[in-house]
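A.B. asks: These protein sequences, in sequence, are chains R and P. No gaps in the numbering here: position 38 of the first sequence is 38 in the working numbering, and each next residue is one more. No gaps in the numbering here: position 159 of the second sequence is 386 in the working numbering, and each next residue is one more.
Derived by calculation from the structure, the hints in this document are not laboratory data. Certain hints may be false.
Facing chain R, according to a computed beta carbon distance under 7 Å, are these residues of chain P, among others [to be verified]: (1) S348; (2) I383; (3) V398; (4) S413; (5) T460; (6) Y532.
Where is the CB? At the ideal position from N, CA and C, for every residue including glycine.
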Amino acid sequence: MKIVTVSGPPSSGKTAVIVKTIENLTRDGLKIGVIKFDCLSTYDDQLYKKIGVEVKVGLSGNLCPDHYFISNIEDCVKWGLVENLDILISESAGLCNRCSPHIKDVLSICVVDSLSGVNTPKKIGPMLKLADIVVITKGDIVSQAEREVFLFSVKQANPKASIFYINGITGQGSYDLSVYLKRAEEFETLTHKKLKFSMPAAVCSYCTGEIRIGEEYLTGNIKRIKI
Amino acid sequence: MVKDIALFRMEQLFKIYPYSEDYFVSLGINDIDHRLTIEELAVSMQDEVLDDTGLNREQLVENFILFIEKMETLKKPPNNTVESITIIGGKDKSGNDENINLEFKVGEVISIVGPTGSGKSRLLADIECLAQRDTPTYRQILLNGEIPDINKRFFIENKLVAQLSQNMNFVMDLLVEEFIKLHAESRMINNIEKITEEIIICANDMAGEKFDRNTPLTQLSGGQSRALMIADTALLSLSPVVLIDEIENAGIDRKKAIELLVKKEKIVLISTHDPVLALVGDKRIVIKNGGINKVINLSKEEKKYIDILEAIDKKMTGIRNHLRNGGIIDDSIIDSIYRLMQ
Chain R
1 MKIVTVSGPP SSGKTAVIVK TIENLTRDGL KIGVIKFDCL STYDDQLYKK IGVEVKVGLS
61 GNLCPDHYFI SNIEDCVKWG LVENLDILIS ESAGLCNRCS PHIKDVLSIC VVDSLSGVNT
121 PKKIGPMLKL ADIVVITKGD IVSQAEREVF LFSVKQANPK ASIFYINGIT GQGSYDLSVY
181 LKRAEEFETL THKKLKFSMP AAVCSYCTGE IRIGEEYLTG NIKRIKI
Chain P
228 MVKDIALFRM EQLFKIYPYS EDYFVSLGIN DIDHRLTIEE LAVSMQDEVL DDTGLNREQL
288 VENFILFIEK METLKKPPNN TVESITIIGG KDKSGNDENI NLEFKVGEVI SIVGPTGSGK
348 SRLLADIECL AQRDTPTYRQ ILLNGEIPDI NKRFFIENKL VAQLSQNMNF VMDLLVEEFI
408 KLHAESRMIN NIEKITEEII ICANDMAGEK FDRNTPLTQL SGGQSRALMI ADTALLSLSP
468 VVLIDEIENA GIDRKKAIEL LVKKEKIVLI STHDPVLALV GDKRIVIKNG GINKVINLSK
528 EEKKYIDILE AIDKKMTGIR NHLRNGGIID DSIIDSIYRL MQ
């Protein structure tokens, strides 16, 4: 089974890109499954069901979505194998720019949005800098010049990536991405595979439920702002 | 080349590749020891600083070398000059053969007409992804009469189509001058001042009211924005094909806009419902039910009517402005329309 991880800032158009890309793949008779990771709630599973793909939802609640994703991915792979999927796609929102959901050898995609500002690609960490593919969305509402400048900014941040412009509404550009998905590597398990980069570290008193503010309540992994 | 870059010290690299300093700036790395090579620099960095960049030592080195290589390839002129594009017909939505073989050459203007949802975007998408009988339309696209190199097909550097539509806006909060500079820098162009000047002159030539280099992008009128977009696409964009989508009421001199693009050796596709614009094309593609239904060559008879259609269009624009300024529609205005028709 081929495995693909898709991530990107909230509302960048991940689901639209995946839906349009899947439509190219199911036309060739491939069986696709999606794991939708989100935080509090999601309605996107209905969008996936509508186009006839198998879908499972994981809600991270009060945990770091990245940590939640990686602790559950192996179970998702098992599910995909039982369902006899050709391609398993995981979709997870990168809530902080320090997210790092990509796994070595597993095809990784980061979705960013043209409207997010020309310096945004440089501000996003491993999620974009170490992705194999960067998809840029919402290019149809900005000028050609801004598209080209944004593209340049992505190239600066991740010179290695293949870059695609995809229109999440019309699906323009999604065919190209579907060709790359078909070339993704196959796996029976992800056990012993490694992340491309460590995930954000967070074990301080607030991780474990502290709500009071002040020096005496700070314990664990604390970092200070230089003022 | 990869090994070469790793051998140089930072001070040398910054001299040869002035932009390479940007790599560290964008990662938030300051205070670089200029005597070190990239590998030595990576080793010397504190774990904490490195962690904030989102890259480990190996990745920092690898990306730096790739960054320079990528920027160097951007500097080179494109080696894939497109002289012509051929569309070999596929099938429409009902599976009927399009039975067509269409060649567009540089400098040609082709208009595309058809109801909404008839498949105009699909045609464009086929050109954009260089379809090889593998898209829903089964069309095939040739470049310079040949099947394009399959390995290069999906590289974004080889994307052929620059798009311009009514729905597009400038979203950056910059002055016109800063904006053009940013675009020129992304193309690694040397003479930025000259190209900025040229673009602003061209844009003003098309726009109704003039603007200067210190005008903020966000304060440009619809017409001025459109004019700047077209001038910038003509002079700074590499894409050999320009698609213009519905710019009927853009408030610019459309004829001048098309002339500029043709002069810059672009293949111009215009998707439109506007009679004046549709007749600008040497050829007119009619799309129906997802397929190319027919291709009309501009006839002498149609050419004859361009002027009168344009005069009517101008008249209607005049009436619009008249109303906008508080004018009243009376007999004299209606009479002037009748006179035009005779």
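A.B. asks: Work down the list of hints and note, for each, if the structure agrees.
C.D. replies: A quick look at each hint next to the structure:
no. : hint : result
1   : S348 : 6 Å, holds
2   : I383 : 5 Å, holds
3   : V398 : 5 Å, holds
4   : S413 : 3 Å, holds
5   : T460 : 5 Å, holds
6   : Y532 : 32 Å, violated
Of the numbered hints given earlier, the model fails hint 6 alone.
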